[in-house]
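Student: So the sequences go chain by chain: R and P.
Each step along the first sequence adds one to the number in this note's numbering, with nothing skipped, and position 117 is 236.
Each step along the second sequence adds one to the number in this note's numbering, with nothing skipped, and position 197 is 316.
Treat the hints with care, as some may be off.
Chain copies aren't distinguished; within one or between two, either way the pair holds.
Stated by the list, open to error - Straight-line C-alpha distance at most 30 angstroms; calculated BS3-like pairs for lysine-lysine:
#1 Lys314 to Lys200
#2 Lys298 to Lys215
#3 Lys288 to Lys137
#4 Lys321 to Lys153
#5 Lys298 to Lys288
#6 Lys200 to Lys137
#7 Lys321 to Lys215
Because the hints were derived from the structure by calculation, they are not lab data.
There are 2 protein chains.
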Amino acid sequence: MPEPILFYDIPGKTAQQKAWSPNTWKTRYCLNIKGLPYKTVWVEYPDIEAVCRKIGAAATEQKADGSPYYTLPVIYDPNTKTTVSESAAIARYLDKTYPDTPRLIPYETDALHAAFNHAFRSILLSDLAKIMIPETAKCLLPRSEAYFRATREVIFGSKLEDISPPGPKRDEHMNSVKKGLHTFTQWLEADGTDKLFFLGDKIGYADVTVAGFIVWVRIILGADSKEWVDLKAADGGRWGKFMDAFEKYEAVDAGEDAVL
Amino acid sequence: MPEPILFYDIPGKTAQQKAWSPNTWKTRYCLNIKGLPYKTVWVEYPDIEAVCRKIGAAATEQKADGSPYYTLPVIYDPNTKTTVSESAAIARYLDKTYPDTPRLIPYETDALHAAFNHAFRSILLSDLAKIMIPETAKCLLPRSEAYFRATREVIFGSKLEDISPPGPKRDEHMNSVKKGLHTFTQWLEADGTDKLFFLGDKIGYADVTVAGFIVWVRIILGADSKEWVDLKAADGGRWGKFMDAFEKYEAVDAGEDAVL
Numbered sequence: 120m121p122e123p124i125l126f127y128d129i130p131g132k133t134a135q136q137k138a139w140s141p142n143t144w145k146t147r148y149c150l151n152i153k154g155l156p157y158k159t160v161w162v163e164y165p166d167i168e169a170v171c172r173k174i175g176a177a178a179t180e181q182k183a184d185g186s187p188y189y190t191l192p193v194i195y196d197p198n199t200k201t202t203v204s205e206s207a208a209i210a211r212y213l214d215k216t217y218p219d220t221p222r223l224i225p226y227e228t229d230a231l232h233a234a235f236n237h238a239f240r241s242i243l244l245s246d247l248a249k250i251m252i253p254e255t256a257k258c259l260l261p262r263s264e265a266y267f268r269a270t271r272e273v274i275f276g277s278k279l280e281d282i283s284p285p286g287p288k289r290d291e292h293m294n295s296v297k298k299g300l301h302t303f304t305q306w307l308e309a310d311g312t313d314k315l316f317f318l319g320d321k322i323g324y325a326d327v328t329v330a331g332f333i334v335w336v337r338i339i340l341g342a343d344s345k346e347w348v349d350l351k352a353a354d355g356g357r358w359g360k361f362m363d364a365f366e367k368y369e370a371v372d373a374g375e376d377a378v379l
Numbered sequence: 120m121p122e123p124i125l126f127y128d129i130p131g132k133t134a135q136q137k138a139w140s141p142n143t144w145k146t147r148y149c150l151n152i153k154g155l156p157y158k159t160v161w162v163e164y165p166d167i168e169a170v171c172r173k174i175g176a177a178a179t180e181q182k183a184d185g186s187p188y189y190t191l192p193v194i195y196d197p198n199t200k201t202t203v204s205e206s207a208a209i210a211r212y213l214d215k216t217y218p219d220t221p222r223l224i225p226y227e228t229d230a231l232h233a234a235f236n237h238a239f240r241s242i243l244l245s246d247l248a249k250i251m252i253p254e255t256a257k258c259l260l261p262r263s264e265a266y267f268r269a270t271r272e273v274i275f276g277s278k279l280e281d282i283s284p285p286g287p288k289r290d291e292h293m294n295s296v297k298k299g300l301h302t303f304t305q306w307l308e309a310d311g312t313d314k315l316f317f318l319g320d321k322i323g324y325a326d327v328t329v330a331g332f333i334v335w336v337r338i339i340l341g342a343d344s345k346e347w348v349d350l351k352a353a354d355g356g357r358w359g360k361f362m363d364a365f366e367k368y369e370a371v372d373a374g375e376d377a378v379l
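Next comes chain R alone, as it looks inside the complex (with noise of 0.2 angstroms):
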């Protein structure tokens, strides 16, 4: 059995929603489907730049002045001694330093995966952060919310509380997201099958990445929010079977905080 790998995530203030960050989400995914030792460390928001630093994680983007942005997840690995940043590099790390265990992003599915991760972007990302950026801020611990509000009100150029609110323009908002949903479903069932996850039976990388983002609605709402009951029902209730199908991947360990 290797040694626990790290896993460095963003805390949410309640327990419930002690786990919520869509990016982290993926890794979760990845190594709850792997079946691999491991345990979370704890980043506020502030933190982030100092922990990546410490820990030799590398960048993720540049900052509007050219400086390094860094980002979660990373994960630092004792078994191999290495650090790796962003979610889709990590599950290719794990793929390949982990043979043995299910692969997410098969060999000859690798290139179309870059490829599906830039269209997902495009199509999922821009109104669903819209409604849940909003949402997520309320949900952090006292540093995190201000660090958050404060980077996000910049990106937005608005306060976060008139992006989105309950009401026509949050309606517009979700009826995008249903939209970007149906899309996948019409990929889905490009060549005639009726597949439930982009490899076809089996959960891939692909997945994770939807799942992610769907997950964070649930969290960060709740099970009886109008917008988690309505993304269920959403294509026939393909998107609620999916979501089932991730439930046995979803356990998250008490962990660590950072230690700076």
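Using the hints, position chain P against chain R.
Tutor: Just chain P, lined up with the frame of chain R:
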């Protein structure tokens, strides 16, 4: 041996540029890779709708006024008495109907191929079309040229000659095309291996899609054109090597003209 499939394509003015259309090239590549017997039926632009209606080909899009819009490629397969419109649907039909020929969209890549198609359009199409549409107009027969010019000038809201004249504007569009190809290169190298094709070692429908659009440049602008030489050299010569692999699938039969 099955009876020849009828393959509806749009003719260019000269023998050398007889088969030029990127969308129909996708189907020609598919038929040639699969080694299926076929006969080209040449249809001039103003006749596409009438021919499609006559053979029962479905429209692929809607015009601005909501009426059906008919496009090529279309195939009619006398062996199954089936008409299929649109290159991706044709590839899926051929994979299913002729399972002993090289499969271009393996089952587990079907939904990801649909995602690729979406991403491809957003990445390569717009600036490549700006360069190629005006140059293509000059290579069509008179009735097609008039139709093509009139319809495309409405789409671009500009005289064709003003869209991408040689000089700084053309250079900017070429740079954007090369940037698009570079994005594909990044996808092909996402897992750290250096794949020539999207599926890895063998040509799949994603490659056929890219090749159909690149060959357009060679056929219309010529193998000696600055643009073609540039594209072949892009990304360390990757795209030249890529197109070399398609050379053996570029046979064009004499075919016959459509009878209305």
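Student: If a hint holds in the structure, say so; if it does not, say that too.
Tutor: Hint check results:
no.: 1; hint: Lys314 to Lys200; verdict: between (38 angstroms within a copy, 28 angstroms between copies)
no.: 2; hint: Lys298 to Lys215; verdict: between (35 angstroms within a copy, 29 angstroms between copies)
no.: 3; hint: Lys288 to Lys137; verdict: within (28 angstroms within a copy, 52 angstroms between copies)
no.: 4; hint: Lys321 to Lys153; verdict: both (13 angstroms within a copy, 29 angstroms between copies)
no.: 5; hint: Lys298 to Lys288; verdict: within (15 angstroms within a copy, 36 angstroms between copies)
no.: 6; hint: Lys200 to Lys137; verdict: within (27 angstroms within a copy, 59 angstroms between copies)
no.: 7; hint: Lys321 to Lys215; verdict: both (18 angstroms within a copy, 21 angstroms between copies)
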